[in-house]
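Engineer: Residues per chain are reported as follows:
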Amino acid sequence: MRMPAWIALLGGLTLAAAPLAAQDARLARLDPTTGAVVARLVDSARAAGLPDEPLVDKALEGASKRAAGARIADAVRALLVDLGRARDALGGGSEAELTAGAAALRAGVAPGTLGELRRARGAEALSVPLATLADLVSRGVPVETAQAVVVALAARGVSDAGYVELRRVVEADIGAGVPPAAAASVRAQGGRPPDKVVPPGQTRGKGVKKS
Amino acid sequence: MTPDHELDPLVRRAAEALRRSAAPGPGFDTRLMAAVRAEAARGPIDWLLRPRPIRVAPLAALAGALALAAVVGIGTWAVSRSGPAPVVSSGAPGETAAAVQAVRFVVAAPGARRVALVGTFNDWDPEATPLHAEASGGVWVVEVPLEPGRHEYAFVVDGEQWLADPAAPTAAGDFGTPNSVVTVAGKS
Chain E
1 MRMPAWIALL GGLTLAAAPL AAQDARLARL DPTTGAVVAR LVDSARAAGL
51 PDEPLVDKAL EGASKRAAGA RIADAVRALL VDLGRARDAL GGGSEAELTA
101 GAAALRAGVA PGTLGELRRA RGAEALSVPL ATLADLVSRG VPVETAQAVV
151 VALAARGVSD AGYVELRRVV EADIGAGVPP AAAASVRAQG GRPPDKVVPP
201 GQTRGKGVKK S
Chain S
1001 MTPDHELDPL VRRAAEALRR SAAPGPGFDT RLMAAVRAEA ARGPIDWLLR
1051 PRPIRVAPLA ALAGALALAA VVGIGTWAVS RSGPAPVVSS GAPGETAAAV
1101 QAVRFVVAAP GARRVALVGT FNDWDPEATP LHAEASGGVW VVEVPLEPGR
1151 HEYAFVVDGE QWLADPAAPT AAGDFGTPNS VVTVAGKS
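Chains E and S, in that order, are what the protein sequence lines are.
The first sequence begins at 1 in the numbering used here and counts up by one.
The second sequence begins at 1001 in the numbering used here and counts up by one.
Chain S on its own, in the form it takes in the complex (with noise of 0.2 Å):
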């Protein structure tokens, strides 16, 4: 070891400093403990909210925006295989909008607590489309937008009786009681 007067006096000089000791302050001790213990005691919340770095290989984040895009695709898709939005036409006749007619339909039913409709276009869910009931007589009326083209329909009437319209020529059923049919017409 090089003994000190032999040292530059610039690095001796630093030398000194670094040999004085660094006495730290009364209460570090306890101030330091204190951080040890807060330290211990965070919860998963603060892991989750402190900012970290994070190391990605290229590949590996390739991977992951492909599986986003693949869930995110899918989604979109299941979505949009759950049955179209209602389009009701609010433009007048001849309008993009106006290929969808507003089409009514008209049941006798005296004596029904709930009449539904039930069809190609909503699925055959009788808690689609439920019909109201006009202010005497037992007739149940309800309006419906329907798309150009052939559509086959039944009332369900009080949830279990299934009931073609008479007054609709009929499609020939698979399941045991007829469908009704209504064509709706397109711009043309």
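Only chain E is shown next, with the shape it has when bound in the complex (with noise of 0.2 Å):
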């Protein structure tokens, strides 16, 4: 084979191959069609600046959950909604946090409260206060406490450490029978909760634990 038909053969073959690649291969764990949707709905995300990898990650969820192809392409495609609703409210940001801000928006947070959160921190990252507020909420704790207590402890400046801590203390305490409000509203004041009431035969220590 003369060696300018042999380049020219490579080059084709390169060219046509793009496409392929382009497309994340753990994709390949979804049927072909869903495969194919999910992947024009990266590269839109791709397209409007957002990150892709918690779109994947979606996707992969579903697959591993053997759900149905139409609904995972209905989850990634909410999913990609709400990181571009969450970048609108924090006016940018990093994946970590547009995903995190995208968990507190679809917890019921006003978008508005992203924006506070962003002017109260200043530079700091936004996503370990965005996990929290989304925590809270799904622990059962108002809305608007639950906004008010994490922009107010970003006001005073604490430390991602904080507010995991936080997160622990509030969520050990509704364990206990604390109303999850007061819990919260107690706790980011520094205090002890309140009237733990714990119910008959509740047990605790079983779950996920730090090192």
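Note that these hints are calculated values from the structure, not bench results.
Any given hint could be a false lead.
What the hints assert, rightly or not - Quick list of the computed label-pair ranges, beta carbon to beta carbon:
| no. | chain 1 | residue 1 | chain 2 | residue 2 | range |
| --- | --- | --- | --- | --- | --- |
| 1 | E | A152 | S | P1166 | 28 to 34 Å |
| 2 | S | E1127 | E | S94 | 27 to 33 Å |
| 3 | E | E165 | S | R1114 | 31 to 37 Å |
| 4 | E | E124 | S | A1063 | 45 to 51 Å |
| 5 | E | D88 | S | H1132 | 40 to 46 Å |
| 6 | E | R46 | S | G1111 | 41 to 47 Å |
Said to hold, decoys possible - Stretches of chain S that chain E covers, calculated by requiring three or more beta carbons in the stretch to come under 8 Å of a beta carbon on chain E:
| no. | region |
| --- | --- |
| 7 | 1122-1129 |
| 8 | 1148-1154 |
| 9 | 1167-1179 |
Computed from a predicted model, the values in this text were never measured in an experiment.
Even for Gly, the Cβ is constructed at its ideal location relative to N, Cα and C.
Two chains, two separate frames, one set of hints: put the complex together.
Structural biologist: Below, the structure is given as structure tokens:
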């Protein structure tokens, strides 16, 4: 084979393979139709300057849970929208911040709170405060209370570790029977929660622990 | 044609030498035919191994270089997209690697034959992070290095049953089963 023809063939193969290589290899875990839909959504995210890894993660979660393709596509599409909303509310941010912001919005946090948090925390990363906000709401702390607590802590310059600790103690208090709103409010002020009520037969200590 | 006697003596001697028959010597034909047969018998490996000149137009060489660069670039990008390699903190807290923190996951699953941890940190792959059983009591444990931020996860028992962590916050599940959430603080 003459060299120029060989090079032309290599170039042609390269160009033909480029779209396949551009698609995340992990999407092969999806059926081809769903994989193509998710790949287009991933491309849309990249084009819009949004992180694409959370979308791939969501699709892989669906694949592992053996969800229907249409449901996976819907979930990825919804997350793409939420990431865009989070970016708008935060005025931009890292992948971790946008992911945590999207989770907070999904939990019912008002978009304006994300902007307040950004202003209150300045240049510091927001992923942990945003995650704490979503966690508190998911644990039953009223959205308004959780928002006020997290923004107030940011204004006081509380560190990421402080947020994680707050979440831990509030969680423990709620597990011990303290009303979620009271637990969050009191702990945010550095106090100890009143009136712990331990329901009969309730056990603790199972689940995740951090070393 | 110029007669020999009119030629320069040096040219005449050279012409006489060229006219003398050059005897190839005994066995020449045999050696020649053996060489021809050996050439014909060479296989594709010989063809590949034998050095030979290659003529390439500059434009073709440029196209080849660009194609090679594209292949390498796409390959590198694809590998980098296949997921980050786990970074295990080996230094003291506060060093750069210490941004990654070891998180211990514990779940009670009495009677389970196999328990796996799946989440945003391992592509939700049930084969990626198996838990190991404690000595007794059906308690399963694994320690995983996680980067700061929010991570969703779940346990998969015996490859079928999805289990949220009862002691952790939950995130609304998009696929019928809720996920648990762990938040890892950074260095600050």
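Engineer: Taking a Cβ-to-Cβ distance below 8 Å as contact, does the region 1167-1179 of chain S have at least three residues touching chain E?
Structural biologist: The restraint on the region 1167-1179 of chain S holds, since 11 of its residues have a Cβ under 8 Å from chain E and three suffice.
Engineer: When you take the CB atoms of E:R46 and S:G1111, is the distance between them in 41 to 47 Å?
Structural biologist: holds, 46 Å
Engineer: If you check the beta carbons of E:D88 and S:H1132, does the distance land in 40 to 46 Å?
Structural biologist: Once the Cβ atoms are compared, 44 Å apart, the range 40 to 46 Å for S:H1132 and E:D88 holds.
Engineer: Taking 27 to 33 Å as the stated bounds, is the beta-carbon spacing between S:E1127 and E:S94 within them?
Structural biologist: holds, 30 Å
Engineer: Counting residues of the region 1122-1129 of chain S that have a beta-carbon nearer than 8 Å to any beta-carbon of chain E, does the count reach 3?
Structural biologist: Satisfied; 4 residues make the cut.
Engineer: Using the Cβ atoms, figure out if E:E165 sits within 31 to 37 Å of S:R1114.
Structural biologist: Between E:E165 and S:R1114, where Cβ atoms are some 34 Å apart, the hint holds.
Engineer: Just to be sure I understand the hint, the distance between the Cβ atoms of E:E124 and S:A1063 should be within 45 to 51 Å; is that true here?
Structural biologist: holds, 50 Å
Engineer: Lying within 28 to 34 Å: is that true of the beta-carbon distance E:A152 to S:P1166?
Structural biologist: Distance hint for E:A152, S:P1166 holds at roughly 30 Å.
Engineer: Are there three or more residues in the region 1148-1154 of chain S whose C-beta lies closer than 8 Å to some C-beta of chain E?
Structural biologist: Holds: 4 residues of the region 1148-1154 of chain S have a Cβ under 8 Å from chain E.
Violation of the numbered hints given earlier is absent; every hint is satisfied by the structure.
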